[in-house]
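Below, each chain spelled out in residue letters.
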Amino acid sequence: MSNSCRRKGINRRAFLQGAAAGLAGMTLPLDNAHASFWDAFLQKHFREMNDTEIKKVISRLEKECEEKYKKVVSIGTEKPLPGVQFGYGLDLSRCIGCRRCVYACVEENNQSLDPQIHWISVLRFKKGDKWVDLENSEKYYNPEKVPQKEYFYMPVQCQQCENPPCVRACPTQATWKEPDGIVVIDYNWCIGCRYCMAACPYGARRFNWASPNRPAEKLNPKTHYLGNRPRYKGVVEKCTFCIQRTRNGRYPACVEICPVGARKFGNLLDPNSEIRYAIEHKRVFRLKEDLNTYPKFYYFFAYGR
Amino acid sequence: MLLAAVILPAELAGAEEHTPPAKKFLVPPPPFSPGIFPCSQCHQGMPANRTPRKLEMMHQDITLKHMPGGWCFDCHNPDNRDKLKLSNGKMVPFDESYNLCGQCHGTILREWKAGLHGKRTGMWNGEKQYLLCVHCHWPHEPAFKPLTPMPPPVRPVDIK
Numbered sequence: 001m002s003n004s005c006r007r008k009g010i011n012r013r014a015f016l017q018g019a020a021a022g023l024a025g026m027t028l029p030l031d032n033a034h035a036s037f038w039d040a041f042l043q044k045h046f047r048e049m050n051d052t053e054i055k056k057v058i059s060r061l062e063k064e065c066e067e068k069y070k071k072v073v074s075i076g077t078e079k080p081l082p083g084v085q086f087g088y089g090l091d092l093s094r095c096i097g098c099r100r101c102v103y104a105c106v107e108e109n110n111q112s113l114d115p116q117i118h119w120i121s122v123l124r125f126k127k128g129d130k131w132v133d134l135e136n137s138e139k140y141y142n143p144e145k146v147p148q149k150e151y152f153y154m155p156v157q158c159q160q161c162e163n164p165p166c167v168r169a170c171p172t173q174a175t176w177k178e179p180d181g182i183v184v185i186d187y188n189w190c191i192g193c194r195y196c197m198a199a200c201p202y203g204a205r206r207f208n209w210a211s212p213n214r215p216a217e218k219l220n221p222k223t224h225y226l227g228n229r230p231r232y233k234g235v236v237e238k239c240t241f242c243i244q245r246t247r248n249g250r251y252p253a254c255v256e257i258c259p260v261g262a263r264k265f266g267n268l269l270d271p272n273s274e275i276r277y278a279i280e281h282k283r284v285f286r287l288k289e290d291l292n293t294y295p296k297f298y299y300f301f302a303y304g305r
Numbered sequence: 306m307l308l309a310a311v312i313l314p315a316e317l318a319g320a321e322e323h324t325p326p327a328k329k330f331l332v333p334p335p336p337f338s339p340g341i342f343p344c345s346q347c348h349q350g351m352p353a354n355r356t357p358r359k360l361e362m363m364h365q366d367i368t369l370k371h372m373p374g375g376w377c378f379d380c381h382n383p384d385n386r387d388k389l390k391l392s393n394g395k396m397v398p399f400d401e402s403y404n405l406c407g408q409c410h411g412t413i414l415r416e417w418k419a420g421l422h423g424k425r426t427g428m429w430n431g432e433k434q435y436l437l438c439v440h441c442h443w444p445h446e447p448a449f450k451p452l453t454p455m456p457p458p459v460r461p462v463d464i465k
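First to last, the sequence lines map onto chains Y and D. Sequential numbering from 1 applies to the first sequence in our numbering. Sequential numbering from 306 applies to the second sequence in our numbering.
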């Protein structure tokens, strides 16, 4: 059978191969003007690129951003600092639910304004209620003044788990945990399947249902490849502990804006850090500890023992 | 550097006091009402009236809702108006007023020094900017004032 096919000079496989190549040639751009399309298409995984390859990718992405926003955007690739495990503390006895952190985060991390994306959700609970029942918390409260006497507030964002379920769920390894503990996303590898969102027990991940909409004058031009660089339609994003700031030694934006100083940040391996002081001296818990995700986001009560 | 390390322990051993010099915290200037400091610009040459009373000529806007029974000279210094006064009579400048507050609020002062109470800005691994107690707590009425919350997120039903 196969012999007779060969004698005819063409078999089914060869025909299909030829047809596919022909179609590809007709539809895919091959000229020089589309070089960046091919560069993006053939871009390697971020962790498999060497420094020169990363440099090339960054310069391409910076050029794309400049064309889109008509302003210079720097995309950093700062590496994790040795001997650093980032940890975050949030003092529930101080938080007044004013949502300053939510909007400082949007400003710093270039989230889409419309459709609106917030990385932090501030939940409101009635004092004395069964408040670990997160699904029945109130996220849309809007009183004249906060705090209200009969309520308390709990901001929730990415918990930067030591054992992150989202990373295991990702079919393309577009999200992973960095050596300094930050769970990051490569927006160029994310295929938008949203498995990670289903896997996250904290509802911390957000999806770009539409093209992210952010006016150029509101764009923060100081960005990081794994953090706040402009995103695409159809990719997932989330809190990165402000990777572009914290890897340069600065506090995250939400820490610096908090008017009551409820947010604490530092190196878990440094015994003199604020976060270690909180863990060692205060009542501390981690959200949904029973799931063995080992968050590096610690809620504590500094006031009222 | 090495020399200093060698000399320092010897010096310490010879010193009478073993308490390390008080650490200075990086703070922004105290939030004075505009034009009010230095206090001596008005109080210079004005004899101090040490009798607790209701003020009628100046500073009437201040109602003390802090310590019941307290009054100005519990913290302010009648002899040098540009400084504050600890209960032991020692003077502290306004930009070190945390030592004054810490006389009663010792646990809070301890946590403020550790970086837990109050806001820090700057570097998590380097120089931090502290805030004075009085930047958030007006000393004459220290309870933190309620704030207007920022708008709630858009509800899914309202997404167009």
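In case anyone wonders, no lab produced these hints; they're calculated from the structure. Even for Gly, the Cβ is constructed at its ideal location relative to N, Cα and C. Check the hints yourself; a few may be wrong.
DMTMM-like, lysine to aspartate or glutamate: derived pairs with alpha carbons at most 20 Å apart [claimed, not checked]:
id, chain 1, residue 1, chain 2, residue 2
1, D, K433, Y, D270
2, D, K450, Y, E144
3, Y, K233, Y, D186
4, D, K465, Y, D114
5, Y, K288, Y, D186
6, D, K418, Y, D270
7, D, K433, D, E401
8, Y, K288, Y, D133
9, Y, K139, D, E432
10, D, K433, Y, E256
11, D, K450, Y, E150
12, Y, K145, D, E446
13, D, K418, Y, E280
14, Y, K282, D, E416
15, Y, K149, Y, E138
16, D, K329, D, E432
17, D, K418, Y, E135
18, Y, K79, Y, E66
19, Y, K130, Y, E150
Stretches of chain D that chain Y covers, calculated by requiring three or more beta carbons in the stretch to come under 8 Å of a beta carbon on chain Y [said to hold, decoys possible]:
id, region
20, 345–357
21, 412–425
Taking only the CA atoms, is the gap from K418 (chain D) to E135 (chain Y) under or equal to 20 Å?
-> Not satisfied, since the Cα-Cα distance of roughly 38 Å exceeds 20 Å.
Is it true that the CA of K433 (chain D) sits at most 20 Å from the CA of D270 (chain Y)?
-> Between K433 (chain D) and D270 (chain Y) the Cα gap is close to 16 Å, so the pair holds against 20 Å.
Taking 20 Å as the top limit, are the C-alpha atoms of K288 (chain Y) and D186 (chain Y) close enough?
-> Cα-Cα ~26 Å, so violated.
Chain Y over the region 345–357 of chain D, status - at least 3 residues with CB closer than 8 Å | n = 0 at 8 Å, threshold three: violated.
Please work out if K433 (chain D) and E256 (chain Y) have their alpha carbons no farther apart than 20 Å.
-> This hinted pair holds, its Cα atoms lying about 11 Å apart.
Take a quick look at whether K149 (chain Y) and E138 (chain Y) sit within 20 Å of each other, Cα to Cα.
-> holds, 15 Å
Are K282 (chain Y) and E416 (chain D) close enough, with their CA atoms no more than 20 Å apart?
-> OK: K282 (chain Y) and E416 (chain D) at ~11 Å, within 20 Å.
When you check the alpha-carbon spacing of K79 (chain Y) and E66 (chain Y), does it fall within 20 Å?
-> violated, 24 Å
With a cut-off of 20 Å on the C-alpha distance, tell me whether K233 (chain Y) and D186 (chain Y) pass.
-> holds, 14 Å
Are the Cα positions of K145 (chain Y) and E446 (chain D) separated by 20 Å at most?
-> Answer holds: K145 (chain Y) to E446 (chain D) is near 19 Å, not above 20 Å.
Keeping to a limit of 20 Å between CA atoms, is the pair of K288 (chain Y) and D133 (chain Y) held or broken?
-> holds, 11 Å
Holds or violated: are the alpha carbons of K418 (chain D) and D270 (chain Y) at most 20 Å from each other?
-> holds, 16 Å
In summary, the structure is inconsistent with hints 5, 9, 17, 18 and 20 from the numbered list given earlier, while agreeing with the others.
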